[in-house]
Amino acid sequence: MVEPARLLLDALAPRQCAGCRVASPDVLCEPCLELALALPLPPAERWRWGQTWSAFPFQTPIRGLVHAAKYQGRRPAARVLAALTAERLVTQGLPPPAAVVPVALARRRRRARGYNQVEPGARALAALAAAPLLDGLRRVRETAPQVGRSLPDRRRNVAGAFAWSGPPLTGTVWLVDDVVTTGATLEAAATVLQRAGAGRIDAVATARAWRGRG
Numbered sequence: 003m004v005e006p007a008r009l010l011l012d013a014l015a016p017r018q019c020a021g022c023r024v025a026s027p028d029v030l031c032e033p034c035l036e037l038a039l040a041l042p043l044p045p046a047e048r049w050r051w052g053q054t055w056s057a058f059p060f061q062t063p064i065r066g067l068v069h070a071a072k073y074q075g076r077r078p079a080a081r082v083l084a085a086l087t088a089e090r091l092v093t094q095g096l097p098p099p100a101a102v103v104p105v106a107l108a109r110r111r112r113r114a115r116g117y118n119q120v121e122p123g124a125r126a127l128a129a130l131a132a133a134p135l136l137d138g139l140r141r142v143r144e145t146a147p148q149v150g151r152s153l154p155d156r157r158r159n160v161a162g163a164f165a166w167s168g169p170p171l172t173g174t175v176w177l178v179d180d181v182v183t184t185g186a187t188l189e190a191a192a193t194v195l196q197r198a199g200a201g202r203i204d205a206v207a208t209a210r211a212w213r214g215r216g
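Its first residue numbered 3, the sequence shown is counted upward by one per residue in the numbering used here.
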């Protein structure tokens, strides 16, 4: 019953821009769209499995869109983020993937939100790369929210939280998330993808929040 109730609330709620919260028929008003497109592109960073790529810094109005998609269940916000992310990264020379994999949500959070807010972005990136979208990454245990935790605490929190239930992987895999902060969640997921056969794993995120380690 979560999804019908969410749709009803969305229909009754006043329409406002997720970036600046002014009245707007669109999820992102024109001034906020221009502000988003003017944000600098975060530099790619090397990590153990390949590189991490992000389309935007985690700043206004991207922060507002992410929160709307993640915590308010606003699917239009997730679709706008997906389009902006794909458009921003298309020219960045990412190694072509053999598959695209979204980071999985815990069942409880997926039920609460009605969907996985990462999937629209992963779907857009898979279409961009002409690669299959594989939904085989699973959360095998519930984890506490990562917000506010130190890097060691984040790593302990997600250790052993993922498993792979899809086909064997080969070549390069794009591992997609909405926001990368310390990278602890991506590291836990990448470890599982490597065991499933991935040769190189590039983490691809909508936004990069510089806090602690990259």
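If you're looking for bench data, these hints aren't it; they were derived computationally from the structure.
If you're wondering where the values come from, they're calculated on a predicted model, not measured in any experiment.
Please note that a few of the clues may not be correct.
Restricting the straight-line Cα-Cα distance to at most 20 Å, the calculated cross-link-like pairs of lysine to aspartate or glutamate (EDC-like) are [as the list claims (entries may be wrong)]: (1) 72 x 28; (2) 72 x 121; (3) 72 x 144; (4) 72 x 137.
Taking the hints in turn, this is what the structure says about them:
{"no.": "1", "hint": "72 x 28", "in the structure": "holds (18 Å)"}
{"no.": "2", "hint": "72 x 121", "in the structure": "holds (11 Å)"}
{"no.": "3", "hint": "72 x 144", "in the structure": "holds (17 Å)"}
{"no.": "4", "hint": "72 x 137", "in the structure": "holds (19 Å)"}
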